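There are 2 protein chains.
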Amino acid sequence: MKKLINKPEDVVKEELEGIAKAHPDIVKVFFNPNYIVRADAPVQGKVGIVSGGGSGHEPMHGGFVGMGMLDAACPGEVFTSPTPDQMLEATKAVNGGAGVLHIVKNYTGDIMNFEMAAEMAQAEGIEVESVVIDDDVAVQDSLYTAGRRGVGTTVLAEKICGAAAEKGYDLKKVADLCRRVNANGRSMGMALTSCTVPMKGEPTFELAEDEMEIGIGIHGEPGRERMKIKPASEVVKLLAEPVIEDLPFKAGDEVLAFVNSMGGTPLIELYIVYNELAKICEARGLKIVRNLIGPYITSLEMAGVSITLLKMDDEMKELWDAPVKTPGLRWGV
Amino acid sequence: MKKLINKPEDVVKEELEGIAKAHPDIVKVFFNPNYIVRADAPVQGKVGIVSGGGSGHEPMHGGFVGMGMLDAACPGEVFTSPTPDQMLEATKAVNGGAGVLHIVKNYTGDIMNFEMAAEMAQAEGIEVESVVIDDDVAVQDSLYTAGRRGVGTTVLAEKICGAAAEKGYDLKKVADLCRRVNANGRSMGMALTSCTVPMKGEPTFELAEDEMEIGIGIHGEPGRERMKIKPASEVVKLLAEPVIEDLPFKAGDEVLAFVNSMGGTPLIELYIVYNELAKICEARGLKIVRNLIGPYITSLEMAGVSITLLKMDDEMKELWDAPVKTPGLRWGV
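Chains as they are written, first to last, in the working numbering: chain X, 1 to 333; chain P, 1 to 333.
If you're looking for bench data, these hints aren't it; they were derived computationally from the structure. Hints may be right or wrong, so weigh each one.
Given that identical chains are not distinguished, each listed pair holds provided it fits within a single copy or across any two copies.
What the hints assert, rightly or not - In silico lysine to any residue, SDA-like type, Cα no more than 25 Å apart, as pairs:
#1 K28 with I214
#2 K230 with A123
#3 K7 with A251
#4 K200 with A183
#5 K172 with K237
#6 K200 with E234
#7 K228 with M199
#8 K237 with L247
#9 K21 with G285
#10 K2 with I288
#11 K2 with P323
#12 K279 with Y144
#13 K7 with T196
#14 K7 with E127
#15 K237 with P33
#16 K250 with P33
#17 K279 with K311
#18 K230 with F30
#19 K92 with P248
#20 K173 with I229
#21 K2 with G201
#22 K200 with E211
#23 K13 with I280
#24 K92 with V139
#25 K287 with D40
#26 K200 with T80
In this text the structure is predicted, and so the values were computed from the model without any measurement.
So here's chain X without its partners, still in its complex pose (with noise of 0.2 Å):
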């Protein structure tokens, strides 16, 4: 296992002492239970924002932490659940009176245990709200997933809704935003090779020479097909026409193009891929009106690349183009 890391088991204890030393002003992190809030947290009179999931997938979602995207990040060990008492003591954290939304991943550890945070939350009298993020057309029902899988839309999602509650806008506003995101945004991924996970020290899945796997999920669960390794312009197509096809997206839609790195793969190849990504849109009528390109929700080191495309009104691009400042996501401030 080739990594730059010193004991497998301190992996997560380590990156967040790392993230502490190197954004005091944005984020304060809290240990044992693990959780990272903005640094000034709790902001009165404003809906909280939390989110949560395994690690391995940075910057989502500790380095999305900060003004105008989310208040807190309950980051579990790498690719598992975070516990209900680490999304407890955030959603206390992060209390400003206005309750807290959670925004969670359709991943079943997940569910269960954000389910269990929120009641005992509101049993403590805090407001919850909860979003589950469900925007994977690859596949229905997944290893760790009953229905489809939450991706690349999560992040899109964050900065949208974490816009909306810095703007002000109360619980139910900001939950029915997230779930308008949700249900707007479609996504799918690809693999060249796997990932490993520290603490097994050995792939996650076997890859040859020569295959790809379309479809594949952020924990390298299976995907839709494994097949020989083609050319940028035929893995985009085989990514973006379900994505499109599933909303479905249609001509005059305008829409944000989010080009994902699974860790791997270097910016040089996801601009080829956002090359062919466009050309699909724009044979199809889509009008990109915004973009993300990078490293945004990763699968440790797997080479690879997602596409998620949002269909945007009005209301979402002011919110997206709204300031922010996270250690992962930064513009206008």
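Fit chain P to the given chain X structure using the hints.
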């Protein structure tokens, strides 16, 4: 070769097409010869800043074109110097009457071609200053270099000098500042894996499953030593100590700490590396006053990391914090 590309010979062209489609609000891309200029170039009365080098190091340099950083970048083929005509056209395109600074990494081809371009531009009446970046402490002379290689400090020099030019510094003052940044910056990198140049189709070098190379160059040029993989704490010591001792950085110094992914190393590992670097700096009495963590000067999909320390003064800090709006680095706007 597992890459998301079409034909190997089209990699740079299609990457540039992707950049052009993704960021028309920030940059304009020209083809044959290839160069990228900020969308509002030339900015009248402002010193223009041009850099360039082989492709494969994205986001450097094309991703650093925009307000507050570079006015233009000249991308060569992968790991191949750009040509003098690219540099000349870029220089002419960003000349706003206050002269143009060339920021050149110390590789023989880059040096030679930028010198030729500077002479041609001067013959056309454009004042040009050139500053060579040679911050890599790993080795003296190298595969493509006489003297030290230019690496991570380039990114910092481009940001700081870009802000200075934006503020109205004249050509001599921007060039002197760039020399000061280079004089105060030191770097060293390492690789866990090789990368594969698309036109070559095979790894640049071989590293066994349990080996790493300390002091690697950003094109896979040989480093100081090939050895068995070690824990992150020891790897970071092997990089940071030669960096610190070379300047030397001394107790009480204020530094910018830059932890860079070579392309295939994900953020979770970069924060573990940052955590170790912060410990070493603290033990030495160095005060980290700014940091940059992510993939900024890469070597295609190589797994590995480089560390750059820059001794900062108040002027550099202020210029570092100034607004920047490029595809690869953005804040304050």
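To see whether the hints hold, each was checked on the structure:
Taking identical chains as interchangeable, the C-alpha atoms of K28 and I214 are never at most 25 Å apart, the minima being 38 Å within one chain and 34 Å between chains. With identical chains, the CA atoms of K230 and A123 are never at most 25 Å apart, being 53 Å at best within one copy and 48 Å at best between copies. For a Cα distance limit of 25 Å, the shortest separation of K7 from A251 qualifies neither inside one copy, at 52 Å, nor across copies, at 30 Å. In this homomeric assembly, K200 and A183 never come within 25 Å of each other (Cα to Cα): the closest approach is 35 Å inside a single copy and 44 Å across copies.
For the identical chains of this complex, K172 and K237 are neighbours neither inside a copy (37 Å) nor across copies (51 Å), given an alpha-carbon limit of 25 Å. Within a single copy, K200 and E234 get their C-alpha atoms only as close as 33 Å, which misses the 25 Å cut-off; across copies the closest is 22 Å, which meets it. For a Cα distance limit of 25 Å, the shortest separation of K228 from M199 across copies, 20 Å, qualifies, whereas the shortest one inside one copy, 30 Å, does not. Taking identical chains as interchangeable, the C-alpha atoms of K237 and L247 lie at most 25 Å apart only when both belong to the same chain, with a minimum of 16 Å there against 51 Å between chains.
In this assembly of identical chains, the alpha carbons of K21 and G285 lie at most 25 Å apart only when taken from different copies (15 Å versus 46 Å within one copy). For the identical chains of this complex, K2 and I288 are neighbours neither inside a copy (38 Å) nor across copies (28 Å), given an alpha-carbon limit of 25 Å. For a Cα distance limit of 25 Å, the shortest separation of K2 from P323 qualifies neither inside one copy, at 38 Å, nor across copies, at 37 Å. With identical chains, the CA atoms of K279 and Y144 are never at most 25 Å apart, being 34 Å at best within one copy and 38 Å at best between copies.
Taking identical chains as interchangeable, the C-alpha atoms of K7 and T196 lie at most 25 Å apart only when both belong to the same chain, with a minimum of 14 Å there against 29 Å between chains. For a Cα distance limit of 25 Å, the shortest separation of K7 from E127 qualifies neither inside one copy, at 40 Å, nor across copies, at 55 Å. For the identical chains of this complex, K237 and P33 are neighbours neither inside a copy (43 Å) nor across copies (30 Å), given an alpha-carbon limit of 25 Å. In this assembly of identical chains, the alpha carbons of K250 and P33 never lie at most 25 Å apart, being 45 Å within a copy and 37 Å across copies at closest.
For a Cα distance limit of 25 Å, the shortest separation of K279 from K311 inside one copy, 17 Å, qualifies, whereas the shortest one across copies, 45 Å, does not. Neither within a single protomer nor between protomers do K230 and F30 lie at most 25 Å apart by alpha-carbon distance, with minima of 45 Å and 29 Å respectively. Taking the closest pair of Cα atoms, K92 and P248 never come within 25 Å of each other, the shortest separation being 39 Å inside a single copy and 47 Å across copies. Neither within a single protomer nor between protomers do K173 and I229 lie at most 25 Å apart by alpha-carbon distance, with minima of 44 Å and 51 Å respectively.
In the homo-oligomer, the alpha carbons of K2 and G201 lie at most 25 Å apart both inside one protomer (9 Å) and across protomers (22 Å), since each shortest distance falls under that limit. In the homo-oligomer, the alpha carbons of K200 and E211 lie at most 25 Å apart both inside one protomer (23 Å) and across protomers (20 Å), since each shortest distance falls under that limit. Taking the shortest alpha-carbon separations for K13 and I280, only the inter-copy value of 18 Å comes in at or below 25 Å, while the best intra-copy value is 42 Å. With identical chains, the CA atoms of K92 and V139 are never at most 25 Å apart, being 35 Å at best within one copy and 53 Å at best between copies.
Taking CA atoms no more than 25 Å apart as the test, K287 paired with D40 passes between copies only; the shortest distance there is 24 Å, against 38 Å inside one copy. For the homomeric pair K200 and T80, the shortest alpha-carbon distance inside one copy (13 Å) is at most 25 Å, but the shortest distance between copies (39 Å) is not.
Taken one by one, the earlier hints fail for this structure at numbers 1, 2, 3, 4, 5, 10, 11, 12, 14, 15, 16, 18, 19, 20, 24, listed in ascending order.
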